[in-house]
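Number of protein chains: 2
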Amino acid sequence: MSSKYAVGIDFGSLSGRALIVDVRTGEELADAVCMYKHGFIEDILPASGEKLPPDWTLQDPQDYLDVLETAIPQAVKSAGIDPADIIGVGVDFTGSTVLPVDKIGTPLCFYPQYRNNKHAYVKKWKHHAAQGKANKLNEIAAQRGEDFLARYGGKISSEWEIPKIWQVLDEAPEVYDAAFRFMEAGDWIVLQLTGMFTRNSCVAGYKGIWHKRKGYPSKEFFKALDPRLENVVEDKLGTEVMSVGEKAGEITPDAAKLTGLVPGTAVGIASLDAHVAVPAVGITGPGKMLIIVGTSNCHIMLGEKEANLPGMCGVVEDGVLPGYFGYESGQSCVGDHFDWFVRTCVPGAYYDDAKAKGMNIHRYLREKAMLQKPGESGLLALDWWNGNRSVLVDVDLTGMMLGMTLATKPEEIYRALIEATAYGTREIIRNHEEYGVPVDELFACGGIASKDDFMMQIYADVTGRELRISASAQTVALGAAMFGAVAAGSSRGGYDSVFDAAKVMPRLKDKVFVPDPDAKVVYDRLYDEYKILHDYFGRGSNDVMKRLKTLKKEQMGV
Amino acid sequence: MSSKYAVGIDFGSLSGRALIVDVRTGEELADAVCMYKHGFIEDILPASGEKLPPDWTLQDPQDYLDVLETAIPQAVKSAGIDPADIIGVGVDFTGSTVLPVDKIGTPLCFYPQYRNNKHAYVKKWKHHAAQGKANKLNEIAAQRGEDFLARYGGKISSEWEIPKIWQVLDEAPEVYDAAFRFMEAGDWIVLQLTGMFTRNSCVAGYKGIWHKRKGYPSKEFFKALDPRLENVVEDKLGTEVMSVGEKAGEITPDAAKLTGLVPGTAVGIASLDAHVAVPAVGITGPGKMLIIVGTSNCHIMLGEKEANLPGMCGVVEDGVLPGYFGYESGQSCVGDHFDWFVRTCVPGAYYDDAKAKGMNIHRYLREKAMLQKPGESGLLALDWWNGNRSVLVDVDLTGMMLGMTLATKPEEIYRALIEATAYGTREIIRNHEEYGVPVDELFACGGIASKDDFMMQIYADVTGRELRISASAQTVALGAAMFGAVAAGSSRGGYDSVFDAAKVMPRLKDKVFVPDPDAKVVYDRLYDEYKILHDYFGRGSNDVMKRLKTLKKEQMGV
Numbered sequence: 021m022s023s024k025y026a027v028g029i030d031f032g033s034l035s036g037r038a039l040i041v042d043v044r045t046g047e048e049l050a051d052a053v054c055m056y057k058h059g060f061i062e063d064i065l066p067a068s069g070e071k072l073p074p075d076w077t078l079q080d081p082q083d084y085l086d087v088l089e090t091a092i093p094q095a096v097k098s099a100g101i102d103p104a105d106i107i108g109v110g111v112d113f114t115g116s117t118v119l120p121v122d123k124i125g126t127p128l129c130f131y132p133q134y135r136n137n138k139h140a141y142v143k144k145w146k147h148h149a150a151q152g153k154a155n156k157l158n159e160i161a162a163q164r165g166e167d168f169l170a171r172y173g174g175k176i177s178s179e180w181e182i183p184k185i186w187q188v189l190d191e192a193p194e195v196y197d198a199a200f201r202f203m204e205a206g207d208w209i210v211l212q213l214t215g216m217f218t219r220n221s222c223v224a225g226y227k228g229i230w231h232k233r234k235g236y237p238s239k240e241f242f243k244a245l246d247p248r249l250e251n252v253v254e255d256k257l258g259t260e261v262m263s264v265g266e267k268a269g270e271i272t273p274d275a276a277k278l279t280g281l282v283p284g285t286a287v288g289i290a291s292l293d294a295h296v297a298v299p300a301v302g303i304t305g306p307g308k309m310l311i312i313v314g315t316s317n318c319h320i321m322l323g324e325k326e327a328n329l330p331g332m333c334g335v336v337e338d339g340v341l342p343g344y345f346g347y348e349s350g351q352s353c354v355g356d357h358f359d360w361f362v363r364t365c366v367p368g369a370y371y372d373d374a375k376a377k378g379m380n381i382h383r384y385l386r387e388k389a390m391l392q393k394p395g396e397s398g399l400l401a402l403d404w405w406n407g408n409r410s411v412l413v414d415v416d417l418t419g420m421m422l423g424m425t426l427a428t429k430p431e432e433i434y435r436a437l438i439e440a441t442a443y444g445t446r447e448i449i450r451n452h453e454e455y456g457v458p459v460d461e462l463f464a465c466g467g468i469a470s471k472d473d474f475m476m477q478i479y480a481d482v483t484g485r486e487l488r489i490s491a492s493a494q495t496v497a498l499g500a501a502m503f504g505a506v507a508a509g510s511s512r513g514g515y516d517s518v519f520d521a522a523k524v525m526p527r528l529k530d531k532v533f534v535p536d537p538d539a540k541v542v543y544d545r546l547y548d549e550y551k552i553l554h555d556y557f558g559r560g561s562n563d564v565m566k567r568l569k570t571l572k573k574e575q576m577g578v
Numbered sequence: 021m022s023s024k025y026a027v028g029i030d031f032g033s034l035s036g037r038a039l040i041v042d043v044r045t046g047e048e049l050a051d052a053v054c055m056y057k058h059g060f061i062e063d064i065l066p067a068s069g070e071k072l073p074p075d076w077t078l079q080d081p082q083d084y085l086d087v088l089e090t091a092i093p094q095a096v097k098s099a100g101i102d103p104a105d106i107i108g109v110g111v112d113f114t115g116s117t118v119l120p121v122d123k124i125g126t127p128l129c130f131y132p133q134y135r136n137n138k139h140a141y142v143k144k145w146k147h148h149a150a151q152g153k154a155n156k157l158n159e160i161a162a163q164r165g166e167d168f169l170a171r172y173g174g175k176i177s178s179e180w181e182i183p184k185i186w187q188v189l190d191e192a193p194e195v196y197d198a199a200f201r202f203m204e205a206g207d208w209i210v211l212q213l214t215g216m217f218t219r220n221s222c223v224a225g226y227k228g229i230w231h232k233r234k235g236y237p238s239k240e241f242f243k244a245l246d247p248r249l250e251n252v253v254e255d256k257l258g259t260e261v262m263s264v265g266e267k268a269g270e271i272t273p274d275a276a277k278l279t280g281l282v283p284g285t286a287v288g289i290a291s292l293d294a295h296v297a298v299p300a301v302g303i304t305g306p307g308k309m310l311i312i313v314g315t316s317n318c319h320i321m322l323g324e325k326e327a328n329l330p331g332m333c334g335v336v337e338d339g340v341l342p343g344y345f346g347y348e349s350g351q352s353c354v355g356d357h358f359d360w361f362v363r364t365c366v367p368g369a370y371y372d373d374a375k376a377k378g379m380n381i382h383r384y385l386r387e388k389a390m391l392q393k394p395g396e397s398g399l400l401a402l403d404w405w406n407g408n409r410s411v412l413v414d415v416d417l418t419g420m421m422l423g424m425t426l427a428t429k430p431e432e433i434y435r436a437l438i439e440a441t442a443y444g445t446r447e448i449i450r451n452h453e454e455y456g457v458p459v460d461e462l463f464a465c466g467g468i469a470s471k472d473d474f475m476m477q478i479y480a481d482v483t484g485r486e487l488r489i490s491a492s493a494q495t496v497a498l499g500a501a502m503f504g505a506v507a508a509g510s511s512r513g514g515y516d517s518v519f520d521a522a523k524v525m526p527r528l529k530d531k532v533f534v535p536d537p538d539a540k541v542v543y544d545r546l547y548d549e550y551k552i553l554h555d556y557f558g559r560g561s562n563d564v565m566k567r568l569k570t571l572k573k574e575q576m577g578v
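Those sequence lines, one after another, are chains A and B. Each residue of the first sequence is one higher than the last, beginning at 21 in this note's numbering. Each residue of the second sequence is one higher than the last, beginning at 21 in this note's numbering.
Fair warning: there could be bad hints in the mix.
Note that the list lumps identical chains together, so a pair holds whenever it fits in one copy or between two copies.
Calculated cross-link-like contacts (lysine-lysine; reagent style DSSO-like; alpha-carbon spacing at most 30 Å) [as the list claims (entries may be wrong)]: (1) Lys540 x Lys123; (2) Lys175 x Lys24; (3) Lys388 x Lys429; (4) Lys146 x Lys71; (5) Lys175 x Lys531; (6) Lys308 x Lys566; (7) Lys573 x Lys531; (8) Lys256 x Lys529; (9) Lys429 x Lys308; (10) Lys523 x Lys375; (11) Lys566 x Lys551; (12) Lys123 x Lys57; (13) Lys393 x Lys71; (14) Lys429 x Lys573; (15) Lys471 x Lys429; (16) Lys471 x Lys234; (17) Lys57 x Lys566; (18) Lys146 x Lys393; (19) Lys256 x Lys566; (20) Lys551 x Lys569; (21) Lys531 x Lys277; (22) Lys123 x Lys566; (23) Lys234 x Lys24; (24) Lys572 x Lys540; (25) Lys234 x Lys540; (26) Lys123 x Lys234.
If you are wondering where the hints come from, they were derived from the structure by calculation, not from laboratory data.
With the rest of the complex left out, here is chain A:
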């Protein structure tokens, strides 16, 4: 019997990727990337030349179709396999990424009459212009004592579905009315491939305020937001939610023409990008935390019961793997803050020296930082350059560093920033354990995790937990491919559940990061200091950061 393959299609912020995986071994044969031609649409709407207001981030869904049309055939070709041996396709997408479509699933922005209407486009996760709606929603939900707030750490984000849809209703009712559905982009891709309207439990739960047992918030709640929203769920979202791991449908003849795949190939229900990575590192039950390390950190855990952790991003039954409660937490600023540092604070001489040594500036700084012992710099930072997501859920917090002397060097500051993100992760772990969700082991994936052994050792030392790293450079796409293999089922050479797939397909690096006992003792002391400052600045003892932000806004006249 010949080998069977699955395709994972991973839609990121600025590009999409197709990965071909051998279903029996997890071996990754080839991948191909397609950049979104329009990128983020933030300044000018290309069709009309209209200047977009602040905080808008749109995309053109044509860019997603281009991924299907180019990345899939390219990857198949590079892999040198017969498309007939591909048994399943899985899809993941960054979210919440919302677009209005008509009855046949065509995005409204594809029609000439809506081409110039900015509300007809995709609203990307980083579209923050619905903040006013999110604030109002949270206020009304709190007044009404809506219990769903507790499942989201107390706050619904402006990045999520309902605030964005409400913004459309308010600012472009004609678009709202014309929309047959507001779809998450991942479900829309599944629609393009299978012709089926589906709604996945991951995005419905994490971004759409859906609960497996309780469903959506009540009509009364939506009516209290705006009478015109009373029936938004039935009218604009569709009520049926399918669990991740289920099959959505099969490749249609049209989709086969577009992608080069064979009609009838199984397609799985879509999922969010971070969450799909969990089985791809072999996590299939409680006690193991996955950290997706990137510009920000995303922490995902499975639990057997529903606990309301303060400051988590969300807890969703079936949201990550069927049969479990998936907990998501996050840190707003990880890679982003190292990038800020090298852009803003690293002297020219360091760049020159790094160049002379043929090193990337991050590696150059790491090699210097590595020579220090924990605590030797005397520095301590709060990792809040981009606010605090978990566990404080406060975008108005800002960065803090102390301990600087006239002898402080750039590599010491760099190391202190790395350590600060590790303390932040430890604080998230503490929060889980305090509320009855134990965290015994860590797993990590993402570019920084696979490249930066130094940082990963610090994470192990600071958290006092063993840390394993995904061996896949494309862990998220691998996870998507696993769900493709599960959609195909064992009868077609795939798997009947993601748990079966997770026994075979994931690969971890051999190296395990084991906490160094000497470093651990020092980091315990440093984390205690971090915690004191975290609570002092973050929990109301001294709201100086907020007052400075208020003053800043006053002075800028915004």
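Given the coordinates of chain A, work out where chain B should sit on it, guided by the hints.
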């Protein structure tokens, strides 16, 4: 009658300068600088090749003689005047700068038998190797309830005379025994010029624990330190102290040969460098604070009564001007911390752009920082990169900054550091006023004050006080020259008191920095935030900075 001139000789940390001033107008005719050939002797003792222990900083007094021999004749020549028209010479020196000499005033290190003995050299102010002695002295003084501690903000510094002399006694008793006197370098220069052993009230008071009415600490106190120190005052310092403004003596024939001055020219009692600048900006009474802005800030005030301000460097009757109590406070890190910043944190692109524009990097940053409004950056810093001198007197405090976001720019950090030093000055002013020493107006001198209008405006805005700047580029040397004119007296064409000289000789810039009312309102809010953090980190609520320093030392094994 032809014009009369005075010479001010200003001995700094690494060079000495002679300035020729017209006594009637204050006009500065010429100056000349002589660098110390040996600079700071910190690593290796040149005579023996011996490696010096950590924290040692020596100098070779031959370098000071070179200043007399080269800078004075050069300045006279540049001025194009007849040395016979020079009526007086004044001397100031950075202190405490201590050297052991024999009966004829020859430094012990000039003799072959002591040439290889490091304790026979000058111990510079920044020699910190007597810290153990200072700690012990403070401990014993506190135990004994010595009231002098209150005159020095509660602590005697390791930079001062007694700890240094005690270190010599302990580590090189043969040098201690051979020394006829331990002299301050300023008094030693006066000795070279006049042949007279004098001891000035400024250095005796600020660095030697001398009090005009109470004298030195008791023999019992010195005996408690070490029985061999019981008679240190009579045996090694000399008991007679002369007030600043008095005449020390006249140029001897030998000194005339060395300097090109005329024998019989009057020479004033020496003084410390910062203190001598007070009359040079026209301050002759209470209410006006002089800030000498340099690598660190030094704040000097006159008062009509003796108040014990917590955390001041010292209060000395006759220490600055005769008949007044001189208060000294300080900030440890001003120019130093901008230098740290441009060395450590400014990206290469800024240097390239500054170079392309033909600008010094400080000016480049200032021009960018100037475009911001107060509070617009959202940043706030504690100016403790080098500890806090006044009002906390704590070398173990360290720098702190908060408010950083991913949009924070280098020029915003730079401005926040400038503002932090201004808040520190405001805190010093607050401390004076709380203890009954009102501060109505500010005066500033020093390189940064004369060049950096932007920073001076921030000082005016933050403190809410008018600020005037010395028009002299060499305010300290001008002050020394004024004391030279006073030593000469009116009969020789000079002045009978420094108050008379101060009516005529000082010059201020026309521009007065007046607080901007809008900026003042914002800075009041920012200073309130600074004050909360100042007290939180500096007064024991959270000793995290000290704990981090302890940990740092443990990790470095020191």
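How the hints compare with the structure:
1. In this assembly of identical chains, the alpha carbons of Lys540 and Lys123 never lie at most 30 Å apart, being 58 Å within a copy and 61 Å across copies at closest.
2. Taking the shortest Cα distances, Lys175 and Lys24 never come within 30 Å of each other, neither inside one copy (44 Å) nor across copies (80 Å).
3. Both within a single protomer and between protomers do Lys388 and Lys429 lie at most 30 Å apart by alpha-carbon distance, with minima of 10 Å and 24 Å respectively.
4. In this homomeric assembly, Lys146 and Lys71 come within 30 Å of each other (Cα to Cα) only inside a single copy, at 18 Å, whereas the closest approach across copies is 60 Å.
5. Taking CA atoms no more than 30 Å apart as the test, Lys175 paired with Lys531 passes in neither setting, with 39 Å inside one copy and 54 Å between copies.
6. In the homo-oligomer, the alpha carbons of Lys308 and Lys566 never lie at most 30 Å apart, since the shortest distance is 35 Å inside one protomer and 37 Å across protomers.
7. For the identical chains of this complex, Lys573 and Lys531 are neighbours neither inside a copy (48 Å) nor across copies (32 Å), given an alpha-carbon limit of 30 Å.
8. For the identical chains of this complex, Lys256 and Lys529 are neighbours neither inside a copy (44 Å) nor across copies (72 Å), given an alpha-carbon limit of 30 Å.
9. In this assembly of identical chains, Lys429 and Lys308 lie within 30 Å of each other by CA distance neither inside one copy nor across copies; the values are 36 Å within and 39 Å between.
10. In this assembly of identical chains, Lys523 and Lys375 lie within 30 Å of each other by CA distance neither inside one copy nor across copies; the values are 44 Å within and 60 Å between.
11. Both within a single protomer and between protomers do Lys566 and Lys551 lie at most 30 Å apart by alpha-carbon distance, with minima of 19 Å and 16 Å respectively.
12. In this assembly of identical chains, Lys123 and Lys57 lie within 30 Å of each other by CA distance solely inside one copy; the values are 26 Å within and 88 Å between copies.
13. In this assembly of identical chains, Lys393 and Lys71 lie within 30 Å of each other by CA distance solely across copies; the values are 27 Å between and 51 Å within a copy.
14. Only between protomers do Lys429 and Lys573 lie at most 30 Å apart by alpha-carbon distance; the minimum there is 17 Å, versus 32 Å within a single protomer.
15. In this homomeric assembly, Lys471 and Lys429 come within 30 Å of each other (Cα to Cα) both inside a single copy, at 24 Å, and across copies, at 28 Å.
16. Taking the shortest alpha-carbon separations for Lys471 and Lys234, neither the intra-copy value of 42 Å nor the inter-copy value of 69 Å comes in at or below 30 Å.
17. For the identical chains of this complex, Lys57 and Lys566 are neighbours neither inside a copy (38 Å) nor across copies (53 Å), given an alpha-carbon limit of 30 Å.
18. In this assembly of identical chains, Lys146 and Lys393 lie within 30 Å of each other by CA distance solely across copies; the values are 29 Å between and 38 Å within a copy.
19. In this assembly of identical chains, the alpha carbons of Lys256 and Lys566 never lie at most 30 Å apart, being 37 Å within a copy and 59 Å across copies at closest.
20. With identical chains, the CA atoms of Lys551 and Lys569 are at most 30 Å apart both within one copy (22 Å) and between copies (18 Å).
21. In this homomeric assembly, Lys531 and Lys277 never come within 30 Å of each other (Cα to Cα): the closest approach is 43 Å inside a single copy and 78 Å across copies.
22. Taking the shortest alpha-carbon separations for Lys123 and Lys566, neither the intra-copy value of 46 Å nor the inter-copy value of 66 Å comes in at or below 30 Å.
23. Within a single copy, Lys234 and Lys24 get their C-alpha atoms no closer than 39 Å, and across copies no closer than 98 Å, so neither meets the 30 Å cut-off.
24. Taking the shortest Cα distances, Lys572 and Lys540 sit within 30 Å of each other only across copies (15 Å), while inside one copy they are farther apart (39 Å).
25. Neither within a single protomer nor between protomers do Lys234 and Lys540 lie at most 30 Å apart by alpha-carbon distance, with minima of 43 Å and 56 Å respectively.
26. Taking the shortest alpha-carbon separations for Lys123 and Lys234, only the intra-copy value of 28 Å comes in at or below 30 Å, while the best inter-copy value is 98 Å.
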